[in-house]
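2 protein chains.
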Amino acid sequence: MNIFEFPSKDQYADILKRPTLAFDEIEQKVRPIILEVKNKGDEALRKYALEFDNILIDNFRVDLPEIQNAGELLDAELKNAIDQAFENIYTFHKAQQITESVLETMPGVKCWRKSVGIEKVGIYIPGGSAPLFSTVLMLGIPAFIAGCKQVVLCSPSNHPAIYYAAHKCGIIDVFRVGGSQAIAAMAFGTDTVPKVYKIFGPGNQYVTSAKQLVNQFGTAIDMPAGPSEVAVLADYRANPAFIASDLLSQAEHGPDSQVILVADDLAIIKSTLIEVKKQLENLPRKEIAKLALENSKAILVENMEIAVDILNEYAAEHLILQVENPEDIAEKIINAGSIFLGDYTPESCGDYASGTNHTLPTNGYAKAYSGVSLDSFVKKITLQQISKEGIKNLGPIVEIMAEAEQLFAHKNAVTVRLES
Amino acid sequence: MNIFEFPSKDQYADILKRPTLAFDEIEQKVRPIILEVKNKGDEALRKYALEFDNILIDNFRVDLPEIQNAGELLDAELKNAIDQAFENIYTFHKAQQITESVLETMPGVKCWRKSVGIEKVGIYIPGGSAPLFSTVLMLGIPAFIAGCKQVVLCSPSNHPAIYYAAHKCGIIDVFRVGGSQAIAAMAFGTDTVPKVYKIFGPGNQYVTSAKQLVNQFGTAIDMPAGPSEVAVLADYRANPAFIASDLLSQAEHGPDSQVILVADDLAIIKSTLIEVKKQLENLPRKEIAKLALENSKAILVENMEIAVDILNEYAAEHLILQVENPEDIAEKIINAGSIFLGDYTPESCGDYASGTNHTLPTNGYAKAYSGVSLDSFVKKITLQQISKEGIKNLGPIVEIMAEAEQLFAHKNAVTVRLES
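Residue numbers (numbering that gives the first Met the number 0), protein chains in the order written: chain A, 0 to 419; chain W, 0 to 419.
By construction, these hints were calculated from the structure, which means they are not laboratory data. Ideal Cβ placement from N, Cα and C applies to all residues, glycine included. Any given hint might turn out to be false.
[Unchecked claim] Only pairs whose alpha carbons sit at most 30 Å apart, straight line, appear in this in silico DSS-like list of lysine-lysine:
hint, chain 1, residue 1, chain 2, residue 2
1, W, 387, A, 331
2, W, 16, A, 387
3, W, 296, A, 37
4, A, 119, W, 387
5, W, 39, A, 113
6, A, 276, W, 387
7, W, 37, W, 93
8, W, 269, A, 379
9, A, 277, A, 16
10, W, 16, W, 93
[To be verified] Where chain W lies over chain A, by a calculated footprint (3+ residues, C-beta under 8 Å):
hint, stretch
11, 127–141
12, 235–242
13, 256–267
14, 277–290
15, 334–347
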């Protein structure tokens, strides 16, 4: 980690720069795959399963009993942990469900909204070394609460923890398909994989590129994605071992992960860097973490006000506040995906089980995007109902405005009613 | 309008097909403009203002007094109408502001969300024949309520109604820039036009294409856009003059506007088509409306259940229910941008002043997207705070899950805290 001492405001952008994403090249590889799945469906899925994942597969659909009975294959401890995480995540997302009341904006003019679950949604869970069952919970639970009628899950992994998490969320349409071809299958539909309207979930650069491409074809996606990142704000009294463990838990994600430490005390930075080296040695993924740390930065600032400025400019996916009064700082943070307050709130708690969602905006997108929540799985339809009395109150206003915008048919739709 | 009688389910997709959008060709024209604005800033804006809008312009920023005093140039009737529309739209959007409470998902584990207005947003208002001041209200009011710190408005039009609406919404950063170059200016920033994080607003195909392009560069946009559309559901007792006026108020938007009439009664369809012809004759924009009607469809169905199926498949931007029990039908609609219930609720009331937002998902996007609301202008940041007691309750669960996902640094971030 490089240390930057008291950078000036015009240096922020440079210091906080994310690794550049070279999507064009990947897109050129992904586009033909997408189009082949669009045109040839299951046949293309079979071809790519063999080519990329080395699986000869005839039936992509995972049998329901395999999903329903997956819990039996899990260690009791893990099963209980998933159950408790489910509870917490369910509780937090269920509270996001609100009923809005009908408003009478003028006498006889009633307006309201209703939330409707997106009918068909898709969840992608990558394979690779680790079975990301936690992401199944993070996406499956709000989909369930939203009342999405069909939830399609694609994953190259057949780990029972993934199936158990899916089962807990009431997901029955599970397919063993991976990579960009899985995204295309859900976007366009094949004989086996149902077409969905919105696709969620993480993945490598190919999956991310595929999501961007199908988005251009008309399928909604959860959000644009970049490498995961954390920023930690620390003061003199923070615990270097805690800070180091948080930095490392981000760094182990991948060599392109970003880790930022901001502090108003040089001693804490230095002792944290020593701790990082110490803890690093014991990590199975230390080679990955080392690479990530090479691009990472420690920034020494004059005071907390400047720290807040820098953190709002960075707009971290995860922001951990290991400072004396974390509530005061959190109050001033306007750009972040999720904020972790205090010394005993590591990011990994939010990643798994505190209750908040771990699908969060990276790459500075926290300036404009929220993380995944119940809102991501519903549409809010507006409704209005105007009575005969109401049109008398509202109609003349609409007539005047429509005429001023030179839309006379718009005006006439009111006039014919007023004259009736 | 073509009449389709009792189509079978496998015919729906074909009948409900939208006009194809040929974006590739337009994108090729727009991309170099975007890049030139990105690289040359104001110089490029000046060049294109001259080339496309035939305006020789030195200073794009509209002087504050011109915005503040615009109301004086308006007809009192129009000014009052805008004031009343402001009230209604404000009331409806203000009610969308909610404070969520802090949840304790486990003892010592507190989770909550806070809504923060997106710091910098951009609003584009097209020029052309009509000054779309109503759209200024529809975007400016929620931006104001959300507490967006900087609201940038670009429009090639200098109509006082636009400036008055902007003034009502507290907008002071107004620039006389139009077209795809305005979108680029707001996405990348120039010496004059501030960079924003999210861009809202309608426009022609060039503007739409520019929004899609800057979205790929990282600027958020309100939603993907297609031509405007309405579907009307009518029964035997509906008023043909009302239905015709609603169909025409959509058809006058543009030759690519879509108009769909669904009814369970052939007589009402026939008398509506007669009414359409009659009303069409008196419209200034009748040539445009005629073209739109050529692609439009009237669908006769056996019963209301089938009608609901068709309407959910179509996912109309605007859906008007001129039926006996509109509430019952509205209950069953799961895909629509905005629903207008009953005979006295024309779409034009929602377009201008009922209170609901008129920026709505077109082109079938209502299956996955909501219209613009207060939500579009805020990000919801999640927060969590875990006490020393809380980490004892939650920590072991996280340790087990992290280990199962083979993320040992994630696990360690809990372990160091539990051991401290």
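Now for the hints, and whether the structure bears them out:
1. 387/W / 331/A: 24 Å, holds
2. 16/W / 387/A: This hinted pair is violated, its Cα atoms lying about 35 Å apart.
3. 296/W / 37/A: 29 Å, holds
4. 119/A / 387/W: 41 Å, violated
5. 39/W / 113/A: 46 Å, violated
6. 276/A / 387/W: Holds, because 26 Å separates the two Cα atoms, which is no more than 30 Å.
7. 37/W / 93/W: 36 Å, violated
8. 269/W / 379/A: 34 Å, violated
9. 277/A / 16/A: Status holds; Cα separation ~27 Å.
10. 16/W / 93/W: 37 Å, violated
11. 127–141: It holds, with 6 qualifying residues against the three required.
12. 235–242: holds (count 3)
13. 256–267: violated (count 0)
14. 277–290: Held - the stretch 277–290 of chain A has 6 residues with a Cβ nearer than 8 Å to chain W, which meets the minimum of three.
15. 334–347: holds (count 14)
In this structure, the earlier hints numbered 2, 4, 5, 7, 8, 10, 13 are contradicted, and the remaining ones agree with it.
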